[in-house]
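For chain A, the structure is supplied; the task is to place chains B, C and D on it using the hints.
Going down the list, the protein sequences come from chains A, B, C and D. Take 1 as the starting number for the first sequence in the numbering used here and just add one per residue. Take 105 as the starting number for the second sequence in the numbering used here and just add one per residue. Take 808 as the starting number for the third sequence in the numbering used here and just add one per residue. Take 974 as the starting number for the fourth sequence in the numbering used here and just add one per residue.
Hints are supplied without guarantee of correctness; some may be wrong.
As the list claims (entries may be wrong) - With the Cβ distance kept under 7 Å, some of the chain C side facing chain A (calculated, not the full set):
1) Leu841
2) Thr848
3) Leu860
4) Val879
5) Gly898
6) Ala901
7) Arg920
8) Leu923
9) Leu943
10) Tyr947
Said to hold, decoys possible - As a list, the in silico DSS-like pairs of lysine-lysine whose alpha-carbon atoms are at most 30 Å apart:
11) Lys811(C) to Lys934(C)
12) Lys675(B) to Lys686(B)
13) Lys856(C) to Lys1151(D)
14) Lys934(C) to Lys1151(D)
15) Lys686(B) to Lys489(B)
16) Lys1283(D) to Lys1040(D)
It should be emphasised that the hints constitute simulated quantities derived from the structure, not laboratory data. Quick reminder that beta carbons are idealized off the backbone N, C-alpha and C, glycines included.
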Amino acid sequence: MNAAPVPADWYLLLSLVLFAIGVVGVLVRRNVIIMLMSIELILNAVNINLMAFSRLWADVNGQVFAIFIITDAAAEAAVGLGIILAFFRNRETLLSDEMDLLKW
Amino acid sequence: MNGPLLFFLDHIWLIPLFPAATAGIMLLFGRRLQNSAVSALCVGSVFVSFLFSLGAFFQLVAMPVGERLATKILFEWIPAGPYHMLDGKLANFVADWGLQLDPLSAVMILVVTGVGFLIHVYSIGYMAHEGGYYRFFGYLNLFMFSMLMLVLANNLVLLFVGWEGVGTCSYLLIGFWFKKKSASDAGKKAFIVNRVGDAGFLLGIFLTSALLGTVRFVDICAALVACHFSLGDPRITAIALLFFVGATGKSAQIPLYVWLPDAMEGPTPVSALIHAATMVTAGVYMVTRANALYQLAPSAMAVVAVIGALTALFAASMGVVQNDIKKVLAYSTISQLGYMFLALGVGAFASGIFHLMTHAFFKGLLFLAAGSVIHALSGEQDMQKMGALSAKIPTTFRTMAVATLAIAGIPPLAGFFSKDEILGRAFQHSHALWFIGWITAGMTAFYMFRLLFLTFYGQSRVHHEVEHHIHESPNSMLIPLVILAVLSVVGGWIGIGGRFEHFLEPTMRIQRHVVAPHLGPPGAPETKREEIVEHAEETTPAAPSEELILMGLSVGIALAGIGLAWHLYLKRTDLPGQIAQKFHGFYELVFHKYYVDELYDALFVNRAKDLGLALGSFDRVVVDGAGVNGAGWLTRFVSRLSMWWDTWIVDGSIRLGSFMVYALGFVSKFLETGYVQNYMLLIVLGLIGFLAYYFHLAHHLLH
Amino acid sequence: MIDKFLFLFFAVLMIGSAIMMVTRRNIVHSAVYLITTLLATAGIFLQLKAEFLFVVQIILYVGGIMVLFIFVIMLVNLDVAIRMVQFSRQGFVAGILALVLAVQIFLALWIGRAGLPAPAIHAMPPKNTEAVAEALFQHYMLPFEIASILLLVAMIGAVVMAKRRV
Amino acid sequence: MSHLIPPAIAPFVVPVICGIVLVAVFPLLAGYIVLLERKLMADMQARLGPMRVGPHGLLQPIADAFKLLIKEDIIPQGADKFMFYVAPLISVTMALVAFSAMPFGPVFQIADLNVGLLFIVAVGSLGIYGIVLGGWSSNSHYSLIGALRSAAQLVSYETAAGLALVSALLLAGSLSMKDIVQAQADQGVWFIFVVPIGFFIYFVSSIAETNRAPFDLPEAESELVAGYMTEYSGFRWALYFLAEYANMVIVAGIATTLFLGGWLRPFPGNHQHLIGTPFELLDALPSLLFLGVALYCLSLVPRQPVQVQKLFMAGVAGACVLLAAVMALTLFPPFDAAREGVHGAFWFMAKVGGYVYTFLWVRFTFPRYRFDQLMRLGWRFLIPLALVNVLVVSASIVVQQNWEWKHPVVSTVVTTAIMLAVAFWLAEEGAKPEPAPQPADGE
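If we strip away everything but chain A, and leave its shape as in the complex, we get (with noise of 0.2 Å):
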């Protein structure tokens, strides 16, 4: 069934939407956890591009690179909602804006 495979730039296209998605999301939103979030957005339209050059060149190395990236995904997350949690129960708020301690 691969008679009429998808154009390769139709990813490109999706991951570069993702991606503005996602740095939207970052730069706008006030709530951090909604920030990582996004951020992880970003991180799968880095992996749709990952996947779709593996497979127009039928190479898995893409794939490998994908499954780091998801590795990563997952200690960043680790990491920032622990950060977050201690954040949240020291200063009870979720607000970037009002994670100020390096403000002049």
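What follows is chains B, C and D alone, placed relative to chain A:
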């Protein structure tokens, strides 16, 4: 020679290893071990290495006389690379961690491990109630290790390692009861005095490697053979003398003997093992080991002989008046060592070693017995407070009597043979030396029997509370006494007919070839020269009549000394006091050991202190006063000057700079919001900029 | 044809739920939309004949990471957060900039479009899982180990940070 | 009969049929599992259990379903409506989707993915969202706590279960359910006999994963009224129930496929002739079984009070006879083309039934755990044990493959012994009181 049958010879390196291992265990975590475990481990290890030594000895004996030399080089230790010798030739200095077993070291390891083992057994009983049991045995095994390294080393550097090791152990063990001021002082004294000797020894080693380009004994002999030194070559003499300085330090010869009497502060087994049987004889061993050099330096040998003889007499005279039982034994040790050096000096190396061995037996026995006496009297050392113990502690008494007879040189006990041999050789060399030795023999007999009588005969002068719990020592202390007693009876017999000498022959034979060329006329054919050598080597055998006369004389004077002691200390016990009154000055002089310690204090110690004080005052006055304070004043002045400059010019400019920075920061801080998202925004901005630049590039590339 | 259809289905689902996720007030809702997005991504992977990655995506992302998220969301009470303003002050600028970035990347794609290879002529090796395993455990052994170390470190860090101060 | 089907849709026939059958029949099946559970509980507690609706309460499930359908569907105040609606659907959907890779016999399988096992595990793990979201959305503390508990519980025990599965996968060398069963057929041994410890681990953690007693903390009526289902009523509640039983069947199916040899008959020999090795007689077992049931039902017929029930009982007997006939016929030509499928399905179902039966049995037997005990059991005992198990098994495999160690029995015994030692040691360790609460503990 590495046949499968020569297991022990291939594994001589194990002999020092066992004590080393147990020492490590003890010193690392002996604290946690039971006393039983400690004694089992330590004594066991020493026993095992004794067995190995026996095995090695017999395998060595089994080999043909010519090649009785087993060398085991474990690894190259200091490959120092090539350097120029005195004569400008290139030499390659190599000190390897190598062991060598020849008849000489075979005898030594037998003595060390054997006597050492017995004394270990003895210490089990003796130290049973002491604190720091594991510490004591740890040091003891460390000492065994070092001593074995010393006697097994195949080069001077490794020998020096053992040399320093035994020094350290003796320091540690003398100061074993380090809470006692006198003990720790004695330890320090021993250590420092030894330093003097060791300095000489070290210089000797340097000179050797500079002159002969090697430190291996075998190669030294080879080198001596190779480059024909004339007999009495000053450089060789220098080396020999330097070595002998080291020997005087370690073996307590004039002028460095002062530490040995104080060393009696240590536990008695230590005195027996280190300061009687083994360590102090290291000097003798070393000189014998280096006899190739000495035979090329007759003057050095003369020095050795004279020093030895004087020491013998001198120490003996001091021993006569001591009241502390161990002190007496200590001085007697010194004088016996003097004997050995006398032997070495007159070229009777074998006899020296022989006496070393027998002396190890009976002197070790004496110390152990004395220890047993002290043990019985619960720590009393003063002979004035003893007496009439022969019934109370019979075994101790018998064994000690045997030892005393042996050291007094009564045939057929061990002492007789060795001492007589030495005297005989001395007589052939020079009558004066013989006379000194002879007198000394008498004095030896006298003070030893004085000790015996004061301790065991007469009426008891023991304190009352001590009186009623005098007790014979436990078996673990008595059995070694008995064994040693047997040894000091039969130990001398192996010397009959010069068998012992022949056994040591190879060690001495090496330098036949060394000495040979200078004895024979240069052009003489080999065979002829050999026989000349034989001739030279052959100590012109004294007529049997003369030998008999000498024997008679020495036995006679010994008996005389015994008789005198009997007369003075059993018959007319008032006499000694009167004599002391009559020759009061002389008595005082001798009793205070000729004020040598005071002399040294006055000469060296106080001078050193004065020097220190002088330097201190110089420091205070010149350096602090003129230098530091003056500089301080100057600095203060200059600083006052520079302060103005600082406040106005430097600080001014800095304030200006900081103000500018502040101004800039005030502007730029609005960029640094501390909000994560603003930073992310900036990142995105940067990304955009980068992409824009990339498009710019792409545009260029397209056109 | 069916490929294209599947792709479009998943793509639309993905983008739609992604937008929803970014715009929801309620964190739980956006979490759920994110889950949908991830599932759609998994679908795309499947459509790309990468079964293994498909499953890994579901197990790890949806079954693991997102559970973690939801867990944390439920630990921190959120009814306060819902009432607040959801978008930061820089929102407008940020949106514009993100748009610019997107456009730039799109331009880059547009320029490089010619260089893209023809849509998949090569057939994927049939045994996808085995192939991935080969690559992962032979060629990428060291990165794999390093990733495991990373995970360990992250785990410890998370535990330490999330632990209540006692 | 295959020539009737046009080749274009040929590959889709069996999957579609299976799918329809599953979705249609499974709720009924679940209902009957409930009935079985109640009957068993009654039996073990010396009661009769449901007897009224139908003979021996055989129609009880249908009555229950009807009741639940017509019950009012309450939505608590302040609940998140959307989530509240969706959550049960998520649960039950994921549960049913997971069936799509489950091989009921060599033929009846919707899709044989080459990552089938992973797929099932993954989709099964999605069911948790139904629980968590449902518990959260119903805006009640009981529900929320129950949801968090079950989330923590599932996350913890999935690890152990997955590792336990790995130990069997190492032996099978494939992720496709069919290949796994095939591997057991080729090696001629069910993997439970090779990695019993792995089976044990999977058994325990599968109980925990399906929130069954003694690990039913999320719905512990003594602490939280009914856990995440507290606020649910009527049909949504039924959906949760359905999901739970579906999950039971799924884990049973996984266990059957991986450890109990899937659809393989005990002593799977060659099926060419009926009377070969004596074990071939086992082929006759199914039909005899059904006949026995039929006879029992017939013997019960006269004792039924009402005419209808008599008829119904007779009908049941007839159905059993029919089944027996099918089973028997498929042994002989010309129908033995279908033997593989039918008998495979029978054996698979039989094993699943046995597994589920053990579940119920355990539920009636053991008291409920405390939550920290549960967590400790998971993290301190099962996961380490499973890790060591994987190591040991793979080591033994390596030994057998690389050093031609040709004694599988010996190596099995050795590995099992080692694992038992480890297990006891771990149990000792776990018995010690623990210092701090688990980080995964959500309360």
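To see whether the hints hold, each was checked on the structure:
| no. | hint | verdict |
| --- | --- | --- |
| 1 | Leu841 | 5 Å, holds |
| 2 | Thr848 | 5 Å, holds |
| 3 | Leu860 | 5 Å, holds |
| 4 | Val879 | 5 Å, holds |
| 5 | Gly898 | 5 Å, holds |
| 6 | Ala901 | 3 Å, holds |
| 7 | Arg920 | 6 Å, holds |
| 8 | Leu923 | 5 Å, holds |
| 9 | Leu943 | 5 Å, holds |
| 10 | Tyr947 | 5 Å, holds |
| 11 | Lys811(C) to Lys934(C) | 23 Å, holds |
| 12 | Lys675(B) to Lys686(B) | 19 Å, holds |
| 13 | Lys856(C) to Lys1151(D) | 20 Å, holds |
| 14 | Lys934(C) to Lys1151(D) | 15 Å, holds |
| 15 | Lys686(B) to Lys489(B) | 24 Å, holds |
| 16 | Lys1283(D) to Lys1040(D) | 25 Å, holds |
Going down the numbered hints, you'll see the structure goes against none, and every one checks out.
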